[in-house]
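Enquirer: Position chain B relative to chain A; hints supplied.
Here is what each chain is made of, one letter per residue.
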Amino acid sequence: GQNIDQPTEMTATEGAIVQINCTYQTSGFNGLFWYQQHAGEAPTFLSYNVLDGLEEKGRFSSFLSRSKGYSYLLLKELQMKDSASYLCAVFTGGGNKLTFGTGTQLKVEL
Amino acid sequence: EPEVTQTPSHQVTQMGQEVILRCVPISNHLYFYWYRQILGQKVEFLVSFYNNEISEKSEIFDDQFSVERPDGSNFTLKIRSTKLEDSAMYFCASLERAGELFFGEGSRLTVL
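Residue numbers (our numbering), protein chains in the order written: chain A, 1 to 110; chain B, 111 to 222.
Looking at chain B on its own, in the form it has when it is part of the complex:
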């Protein structure tokens, strides 16, 4: 069964450092997403991406965040200068056209 894959599964970084989280969405899917979940809290929408551009972003997705689809398979989330409050699980998801969003296993980011 096709799946969304994410790397790394866990990253520890120092405050102020740049972090790149990587995702490989399901190959024929058209819509890509990043969500985050702070420990004990709800899953929050960050950004959606379609046709090589951002289609919607939340208030959380400020200038410190960026997304990119550098080639035909990868979808990345970059945090330029991490803060303590960026510590969370980051989920990538993809959607074919309609219906179920498929989620990756997540990347746990710990900012010290």
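Looking at chain A on its own, in the form it has when it is part of the complex:
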């Protein structure tokens, strides 16, 4: 089966940088996704890594190391609206299935 671990909660200050880590153990790995989810809403796509390295997209960057089973999401210039749950998810072949971690609840404070 799949095992995906990420911290439950994090707190950061407006304007700062925060890094949310994710470790995973899975078979048939086909990519790693990060989604943002506000309470009561659907997950929205942030980033997708298939190969090792850093993907940058505006204020958000995501890193993947397949050999270490590790990824992180980096959020720069934090804004209050970034307060949300950040979901690490692993895509596996076969059923082309996306499996989510429990999510990291990020609180951005003044």
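Careful: at least some of the hints might be erroneous.
[To be verified] Below, a list of computed lysine-lysine pairs in the DSSO-like style, where the Cα atoms sit at most 30 Å apart: (1) Lys107/A - Lys152/B; (2) Lys81/A - Lys107/A; (3) Lys81/A - Lys152/B; (4) Lys152/B - Lys76/A; (5) Lys57/A - Lys152/B; (6) Lys167/B - Lys152/B; (7) Lys188/B - Lys167/B; (8) Lys68/A - Lys152/B; (9) Lys167/B - Lys68/A.
[Stated by the list, open to error] Sample of chain B residues facing chain A (criterion: CB under 8 Å; computed from the structure): (10) Lys152; (11) Val153; (12) Ser158; (13) Asn162; (14) Gly209; (15) Leu211; (16) Phe213; (17) Gly216.
Worth flagging that the hints you see were computed from the coordinates, not collected in a lab. All C-beta atoms, glycine included, are put in the ideal place defined by N, C-alpha and C.
Expert: Relative to the frame of chain A, chain B by itself:
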């Protein structure tokens, strides 16, 4: 921008009743999914559907659940006899071939 649409947005039902949740995936997408999220918990995979058949299902997706693509556009999730613990947000998602899964806004099911 194309989107996945779901109906109803909220349904309240009595325990033991049948419920059908409807989804219209993005038109050129090939893979379809149902996920659920119990309040305060993680997003859980239920089932994936490709080429008019189930490609994978989770342990949650027991005999009470079924999926169907009755025509070229709709993708439905049926729960035959709802239980209290089926109360959750149900998300439909679709995928073209690879890359991003697009999620619908969700259908909140409340079982009384």
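Enquirer: Each hint should be assessed against the structure and marked as holding or not.
Expert: Evaluated hints:
1. The straight-line distance between the Cα atoms of Lys107/A and Lys152/B is roughly 18 Å, inside the 30 Å bound, and the hint therefore holds.
2. Straight-line distance between C-alpha atoms of Lys81/A and Lys107/A comes to about 9 Å, which keeps the hinted pair within the 30 Å bound.
3. Restraint check for Lys81/A and Lys152/B: the C-alpha separation of about 21 Å stays at or below 30 Å, so the hint holds.
4. The hinted pair formed by Lys152/B and Lys76/A meets the criterion: a straight-line CA distance of about 25 Å does not exceed 30 Å.
5. Among the hinted pairs, Lys57/A with Lys152/B is consistent with the structure: their alpha-carbon atoms are about 25 Å apart, no more than 30 Å.
6. With a C-alpha separation of about 17 Å, the suggested pairing of Lys167/B with Lys152/B holds against the 30 Å cut-off.
7. Note on Lys188/B and Lys167/B: the hinted pairing holds, with a Cα-Cα distance of about 14 Å set against a maximum of 30 Å.
8. Between Lys68/A and Lys152/B, the direct Cα distance comes to roughly 24 Å. Compliance with the 30 Å bound is thereby established for this hinted pair.
9. For a cut-off of 30 Å, the pair hint linking Lys167/B to Lys68/A stands: about 28 Å separates their Cα positions.
10. Interface restraint check: Lys152/B against chain A, minimum CB-CB distance 5 Å, threshold 8 Å, status holds.
11. The closest approach between the C-beta of Val153/B and any C-beta of chain A is roughly 4 Å, which is under the 8 Å cut-off, so the hint is satisfied.
12. Residue-level restraint check for Ser158/B holds (minimum Cβ-Cβ distance to chain A is 5 Å; threshold 8 Å).
13. Hint on Asn162/B is violated. Least Cβ distance to chain A is approximately 15 Å, over the 8 Å limit.
14. With 8 Å as the threshold, the beta carbon of Gly209/B comes within range of chain A, its nearest partner Cβ sitting at about 6 Å, so the hint holds.
15. The closest approach between the C-beta of Leu211/B and any C-beta of chain A is roughly 5 Å, which is under the 8 Å cut-off, so the hint is satisfied.
16. Interface restraint check for Phe213/B: the shortest CB-CB distance to chain A comes to about 4 Å, inside 8 Å, so the restraint holds.
17. Interface restraint check for Gly216/B: the shortest CB-CB distance to chain A comes to about 5 Å, inside 8 Å, so the restraint holds.
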